[in-house]
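Trainee: So the chains spell out like this:
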Amino acid sequence: MEFSFSEENKNKIPDILKKYPHAEAAVMPVLYLAQEQNGWISQEVINEVASVLKMPSEDVLGVATFYTMYHKSPAGKYHIQVCTNVSCMLRGGYDIYEGVKKRLGIENGGVTPDSKFSLEEVECMGSCGTAPMLAVNEDYFENLTVDKAIEILDSLK
Amino acid sequence: MPKIVIDDKELDFNQGQTIIQIAEENGIDIPHFCWHECLSVSGNCRMCLVEVEKIPKLVIACSTIAADGMVVHTQSEKTVKARSAVMEFLLINHPLDCPICDEAGECKLQQYAYSHSVGESRFTEEKNHKKKRVPLGPYVMFDAERCISCSRCIRFCDEIAGEKQLTFVQRGDKVTIVTAPGKQLDNPYSLNVTDICPVGALTNRDFRFKSRVWDMSSTKSICSGCSRGCNIEVWVRNNEILRLTPRHNAEVNSYWMCDNGRLNTFKHVNAENRVDGPYLKREGNLIKTGWDEAIAFAVSELKSFGKDEIAFIGSAFATCEDNYIFAKFAKSAWSAKNIDFLRHVKPGESDKLLVMEDKSPNALGAQLAGIQPGKGGLNFEGIIHAIKEGKIKALYLLEDDLAAIKPEYESALKKLELLIVHSSNFNKTTDIADLILPASTYAEKHGTFVNFDGRVQRIRSAVTTEDFDRSLDGFEQSRLDKFGSPFDKWSSPKKMDARSSWRIIAAMYSALGHKIKHTMSQEVFDEISETIPEFQGLNYSVIGDTGAKIKLKSAETKSIKV
Amino acid sequence: MERIVLPDIKDLHLIDVYIQNGGYQAVKKAYAMSTDDVIAEVKKSGLRGRGGAAFATGLKWSFMPKTTDKPKYLCVNGDESEPGSFKDRQIFEFNPHQLLEGVLIACYAIQAKAAYIYIRGEYAKWVKLLQKALDDAYDKGFVGEKMKETLGSQFSCDIFIHKGAGAYICGEESALMNSIEGKRAYPRVKPPFPASNGLWGNPTTINNIETITNVPAIINKGAEWFSKIGEPKHPGTILCGVSGHVNKPGVYEIPTGTLLTDVIYKLAGGVPGDKKIKCVIPGGSSMPPLRGDQLEGVKMDADSLKAIGSGIGTAGVIVMDEDTNLVKVLARISKFYHHESCGQCTPCREGAGWLQKVLERIAAGNGVSSDLDLLISIASNIEGNTVCALGEAAAWPVRFMVTKFRQEFETYVKADVSIPVPNKVHSMRATEFPVADIKL
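Residue numbers (my numbering), protein chains in the order written: chain A, 70 to 226; chain B, 24 to 585; chain C, 2 to 441.
Worth flagging that the hints you see were computed from the coordinates, not collected in a lab.
Just so you know, even glycine gets a beta-carbon here, dropped at the ideal spot from N, CA and C.
Hints are supplied without guarantee of correctness; some may be wrong.
Said to hold, decoys possible - Here are some chain A residues pointing at chain C (derived, C-beta under 7 Å):
no., residue
1, 93
2, 94
3, 96
4, 131
5, 132
6, 135
7, 137
8, 139
9, 156
10, 158
11, 192
12, 194
13, 195
Stated by the list, open to error - List of simulated lysine-lysine pairs, DSS-like, C-alpha gap at most 25 Å:
no., chain 1, residue 1, chain 2, residue 2
14, C, 129, A, 88
15, C, 29, C, 222
16, B, 414, B, 451
17, C, 71, A, 88
18, A, 88, C, 147
If we strip away everything but chain A, and leave its shape as in the complex, we get:
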């Protein structure tokens, strides 16, 4: 699958580069930009980012695989992240996780056949005071019960 930045995104890159004295430093924001456009970080994305930033594709690959938020395979339209770390665990995080798994019918790292949902058991998201929680893409849903979590999933179109 070919990948190249859209005109709109291409125009954003110079502004990102202005933040840093060296172009390679822009690799993380530029990878985000690519993921926003492509949905995930494919081999083609790696090569495109490398060529845009004039850096070795090996380095882009090393960075993309180090950080968990870059999807190395296609994610669903709604990427569901459920925290099961200690503070959430103490307040029922695993119940939420199991409930979501059951509702979506997928395991950790799975994607529903219609590509609508993907699921990830995540580490602490910083919602310990409002635990348990789940996140849909970038949005946090906190102080959950299993029922509320299911309700949220069902409301997603």
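Please build the complex by placing chains B and C on the supplied structure of chain A, with the hints as guidance.
Mentor: Relative to the frame of chain A, chains B and C by itself:
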């Protein structure tokens, strides 16, 4: 000068040196995996943790800059404990496949497991599994389970080969090494990563499963791939070369050698097309003959030409000793003037690290040993021209496949009435020759090469021929050589009927009634050092393992840069 | 009590509201002082870092070289990924301008040409909130080239936000710098330290978000005032995040030295169902836990917590009631540190996973009595031997949890289980050669 105490020894050091550097210089071994003298410090393996007085935590010797008055303990209880902890961690997920691992026997992890480990594992969980047998490039195979993530290979590509080709991916205990999509580890120095890999994660695809390392002998020699003269080890099992590895020489090649030198300069030694015994051409057919007959033939045939009708072409691939005796033979026995050799310079085919444009190992040595036109004699091109014109009718050619270089040379050689060739393998030139004398390869004889920089270096006999070339410092023997019995498969090696060129010429010399007193190549070299000013004061023991530099006149330096 | 970091003012996140309430006055005041005086003032205040190590902030600033040709940088650490910590996000949301003003003062004090505020990637929403505040501050001329005019000073600096992408290790200062540089976030071997060799090899200071947010108040009201709040050796307020088994979890700004029991019972409303407390982790998941019977009289400040064998860390208080299964909790904590180990150095890369495997085996009911000592031994072998403090973060919870709650762990491992035969495989030294018993 500032001083440091390591294990009760007070040592001088230079400002800026790290603890491990000082220890290495003074013969104190601080175990390490990731540190390498020629690479940047990464500090990840933690094996070199040492105790420094007044510092509460252990520090890594590879990154800790020495300070005046520092007191270091490498054998304290704390250090030993930390080291065995690191060993235990490295081993828990390391596969126990030493029995089929090529690295076994020269594996740092294996060695340290013996010397720095506690001797048992407390790990009863399932080991992590990763990819095995991943070809990273044409020559290098990767086993991710064996990898200890020391990053030496990555740093080698970045810092020495000058090409980013490898990267870590993932994190934690999932970390592994890959090339970028669509790319491979194919830089001209890729195989060096197999040498510096402290475990069997990176192996040489050309050598994989050929032999246990302890079943081979290793002989110090010099690469014949170009005029750099990289120091190498020649690894032999059952009289067959299985691999070459670089040997450290800070003045020449550091720890490295190029893939081309490593892979393409020894296979002819084992090849099917070796010249096994002298061959005479009779009525258009090559017929194997005895040495005495071959030498008598050469002498009598050469005698039928006038001295201006004969040319002698030496070789940048032969040793100084070969060329010296050859030149002496040409000049004193035949009063020849038409003496020269061909330089194998390929303009542009060099790099910044090791590879030189001159693709022969001993151009400078051949020249210094006397392979130069005599007064009024013809040089190489002149000789070719004269052959074409029919003025030169006989050619004595030493170890060079001229016919393969240019059709022009091939057609010239075909015009000769007599062509005597020393060659290790059958080739285009031997096809034309009237007499083929089987020459030992660089791996079957003793001798010297002079590299581009004027460094005289020794090659040694690593493989035996029927007429075994001995030297005073002996012959490296493998375990199998020493302990094999006639009933073992490996103890009936194939031995070639080939001789060092200088010995063949010496026999001819004797056939002409001259006395040649030399029986070993080091005696020839002694004569060289007595008669040729540049070699003055040198002998085999002075040259030693890492070579000795000769004094060059500027004209000579220039001529080799052609 | 006066709140310094999160004042109770409606809509304080809006720049106009912030200015109406005396915002961006401290930066003017600071810029009229010499840089040495600013550093001296912060030193005098006794402000200590809120990111975990509680290092003296003014002293850290003074490490920056005065004479150098290299550009200098400030990094502000908002990676906030330690389980149990959720305080910095309140600052991004409710008081971003005080953070930015603090950044401007710190940049001036150390003469940094630019500051990078590192925010963890999961906080996408808060990145946007802070970016809005930053854009407003640029527009009003408080940041960037225009500040020379606005503030009437010779000095100017830029502030950039760098968004992480999911890696706990980026909270480690040198890993954070590598991440900003666009590299894999491997912690660097120290020395060299950031003050001489930080971002792109240049002198760099790294402070926590909360630390920096305190600075404008110190400049406004003086070091004297600040140093008198809370514990004298660790003065000021701290944002204390309370989570787990409490009735009112959340972030509370408290003077240092507040009793831990007051935090749990008075502020956080006590334990649901009035259950007893089994265990409290006072400073985020990497800090050594306290037993329920150890809480009496414990004060929330760096030195008090150190004195009883724990640490203030990020002041993330995790409360566990009497019914909590600590084996499962510890297995979960270990899973986290295994997942987040960067993989660079041996002890943490290999040891963190080993700890998790043993703990999960115990939690699954397959533990043996020797496992507990094994856990402690593995943890001790990691500690002190790694490139960065994540080694300790992975090891401490295990070592201290197993030690302090040995009884509970003992009941979990089966009694009378023979110790598995050790694999005598690694070394010839200690191995007896097996004698083959061949029968023909």
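Trainee: Determine for every hint whether it applies to the structure shown.
Mentor: Right, here's what the structure says about each hint:
no.: 1; hint: 93; in the structure: 4 Å, holds
no.: 2; hint: 94; in the structure: 4 Å, holds
no.: 3; hint: 96; in the structure: 4 Å, holds
no.: 4; hint: 131; in the structure: 5 Å, holds
no.: 5; hint: 132; in the structure: 6 Å, holds
no.: 6; hint: 135; in the structure: 4 Å, holds
no.: 7; hint: 137; in the structure: 4 Å, holds
no.: 8; hint: 139; in the structure: 6 Å, holds
no.: 9; hint: 156; in the structure: 4 Å, holds
no.: 10; hint: 158; in the structure: 6 Å, holds
no.: 11; hint: 192; in the structure: 5 Å, holds
no.: 12; hint: 194; in the structure: 5 Å, holds
no.: 13; hint: 195; in the structure: 4 Å, holds
no.: 14; hint: C:129 / A:88; in the structure: 16 Å, holds
no.: 15; hint: C:29 / C:222; in the structure: 13 Å, holds
no.: 16; hint: B:414 / B:451; in the structure: 23 Å, holds
no.: 17; hint: C:71 / A:88; in the structure: 18 Å, holds
no.: 18; hint: A:88 / C:147; in the structure: 17 Å, holds
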